[in-house]
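Please model the entire structure based on the sequences and the hints provided.
Each step along the sequence shown adds one to the number in full-length UniProt numbering, with nothing skipped, and position 304 is 304.
Watch out, some of these pointers could steer you wrong.
Here are the simulated EDC-like pairs of lysine to aspartate or glutamate, each with C-alpha atoms no more than 20 Å apart in a straight line [unchecked claim]: (1) Lys-201 to Glu-62; (2) Lys-178 to Asp-256; (3) Lys-50 to Glu-124; (4) Lys-178 to Glu-124; (5) Lys-201 to Asp-256.
Ranges between beta-carbon positions, derived for each pair [claimed, not checked]: (6) Gly-203 to Ser-251: 40 to 46 Å; (7) Gln-149 to Asn-32: 21 to 27 Å; (8) Pro-97 to Asp-193: 36 to 42 Å; (9) Ser-234 to Asp-33: 32 to 38 Å; (10) Glu-138 to Ser-68: 20 to 26 Å; (11) His-29 to His-195: 35 to 41 Å.
Keep in mind that the hints were calculated from the coordinates and are not lab data.
These numbers were taken from a predicted model, which means no experiment stands behind them.
All residues carry an ideal CB built from backbone N, CA and C; glycine is no exception.
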Amino acid sequence: MTPPRPLPKGLDPPPPLHSLFSGPHGQEHWSNDYPDCGGQAQSPIDIRTKSVQHDPALPPIEPQGYRSPGVGAFTLHNNGHTVEMSLPPSMFLRGLPQTYAAVQLHFHWGNDQDEGSEHQVNGESCPAELHIVHYNSESYANITEAKQQADGLAVLGIFIEVGDVANPAYDNIFNQLKNIQYAGQNVSIPPFDVHELLPRKLGHYFRYNGSLTTPPCSQNVLWTVFQQRVQISSSQVLALEGLYSTKAANSVPLVDNYRAPQPLNQRVVFSSFPPLPSPFLPRAGEIVAIVSGTLFGCLSIFLTIHFGMKRIR
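If you want it as structure tokens, here you go:
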């Protein structure tokens with residue numbers, strides 16, 4: 001049996017004794033120990049589509065080796081603030097300024113299937129978000145060297161929403177979560193087609209320069225956030241919410257592990273497609289308001305014309 005690939009080092013802080021995202025050591029206090037967390041180019045952000053600049057020169061993302069990642073087992077790990085899966089460097093991306101090799105993927109989620117994505121679009125969140133982390137393998141020998149460089153990292157962001165049926169591609173990971181329920185636990189899983197975790201429209205995305213969303217918050221990440229969302233079932237979301245961030249008897253639930261949107265400051269967000277007002281559909285209440293407003297407007301126009309014609313006569 002091929003041994004599991006070792007977990008990449010250097011991207012994540014040690015597992016917390018308490019929540020990394022809230023409390024006395026939560027995200028509001030990260031900059032006390034990690035100065036970059038208070039920088040001017042932090043992630044995630046709220047993508048405001050009215051301010052996005054369309055760049056027709058942005059090519060589609062081309063994942064290479066995602067469908068056949070080799071024979072070595074993946075290592076799935078509960079590191080105390082997320083669930084993370086190691087990825088081989090034979091997986092890499094084209095369609096970026098340089099070639100970026102895969103390092104790991106991990107998730108962010110909320111609580112009780114509530115908002116949990118890190119990025120937002122026009123102020124709206126999704127229940128979860130998948131991040132696939134890569135390093136600039138064209139310029140640097142490994143992740144340790146690349147993470148120190150301004151062009152060292154690239155991350156794919158995938159919005160995850162709840163649908164009616166389970167997503168079989170995500171079951172490759174979620175079916176194993178019961179084996180890493182507590183921080184520090186690992187499990188080996190067979191390699192699978194990682195490409196199936198991605199949305200279908202790889203040519204529709206937002207692009208901006210930002211940072212890691214957990215300490216040390218290094219500001220050297222080229223972000224690609226896909227417009228199209230991926231669907232998983234409610235039971236799959238609940239599997240994520242069943243993890244714990246400690247090993248103690250009174251284990252702390254591993255939920256709400258997402259960072260709040262950070263100021264955009266002077267950065268520009270680009271899109272590879274002409275952006276619509278919002279890629280998210282309006283909610284039911286918003287639809288009622290839109291329909292009601294439209295009907296009221298039509299009625300007002302009708303009455304104005306009607307009484308105007310009476311006066312003419």
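List of violated hint numbers, smallest to largest: Hints 4, 5, 8 are the ones this structure does not satisfy, whereas the remaining hints hold.
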